[in-house]
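Just so we're aligned, residue 1 is where the sequence shown starts under full-length UniProt numbering, counting upward by one.
By construction, these hints were calculated from the structure, which means they are not laboratory data.
Please read these numbers as outputs of a predicted model, since none were measured by experiment.
Hints may contain errors.
Cross-link-like lysine-lysine pairs, in silico, BS3-like; alpha carbons within 25 Å at most [to be verified]: (1) Lys132 to Lys74; (2) Lys132 to Lys108; (3) Lys74 to Lys102; (4) Lys74 to Lys108; (5) Lys7 to Lys132; (6) Lys81 to Lys102; (7) Lys81 to Lys108.
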Amino acid sequence: MSSDTCKGLNILCIDGGGVRGLSSLIILQEMMLRIQNAYAISVDPHEHFDVIAGTGTGGISACMLGRLQMPVDKAITEYVKLMEDVFREKKWSRPTMYKGTKLQNALKVMVREATGNEAEMMNSGQASNGCKT
Numbered sequence: 001m002s003s004d005t006c007k008g009l010n011i012l013c014i015d016g017g018g019v020r021g022l023s024s025l026i027i028l029q030e031m032m033l034r035i036q037n038a039y040a041i042s043v044d045p046h047e048h049f050d051v052i053a054g055t056g057t058g059g060i061s062a063c064m065l066g067r068l069q070m071p072v073d074k075a076i077t078e079y080v081k082l083m084e085d086v087f088r089e090k091k092w093s094r095p096t097m098y099k100g101t102k103l104q105n106a107l108k109v110m111v112r113e114a115t116g117n118e119a120e121m122m123n124s125g126q127a128s129n130g131c132k133t
């Protein structure tokens with residue numbers, strides 16, 4: 001074994017789950033509080049994790065935390081607002097349980113509020129802090 005220590009990767013992966021996906025953000029909120037207490041520093045997920053990924057609504061959370069660099073509290077607020085807007089009126093007669101245009105419009109509003117431009121490219125380049133989303 002080498003005496004050199006290698007820094008591993010801090011990876012956050014968030015599962016989807018529609019409105020139930022809120023629990024992932026609440027658990028992350030507690031994790032971040034514990035990290036802050038242990039190291040006596042204030043840190044947001046995009047500063048702590050090297051990679052943030054997710055599936056379904058977890059992918060939306062990953063973009064909020066990583067690409068839009070939201071603190072967890074803000075991501076929770078935005079997630080709740082998004083779920084209320086998108087899942088309020090369910091479409092039981094179609095294969096999807098929500099209306100895609102509502103989701104698209106809600107995401108545009110979220111990106112516009114965070115960046116000032118709803119057409120901001122979310123997949124170009126890497127965040128300046130090194131966190132990949």
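Hints and how they fare:
Under the criterion of a C-alpha separation no larger than 25 Å, the hint pairing Lys132 with Lys74 is consistent with the structure, at around 20 Å. With a C-alpha separation of about 21 Å, the suggested pair Lys132 and Lys108 falls inside the 25 Å cut-off, and the hint holds. Of the supplied pair hints, the one linking Lys74 and Lys102 holds, its CA atoms being roughly 21 Å apart against a limit of 25 Å. At most 25 Å may separate the alpha-carbon atoms for a hinted pair to count; Lys74 and Lys108 meet this at roughly 16 Å.
Of the supplied pair hints, the one linking Lys7 and Lys132 holds, its CA atoms being roughly 16 Å apart against a limit of 25 Å. As the CA atoms of Lys81 and Lys102 are separated by approximately 12 Å, the hinted pair is consistent with the 25 Å bound. Our distance criterion of 25 Å between C-alpha atoms is met by Lys81 and Lys108, whose separation comes to about 13 Å.
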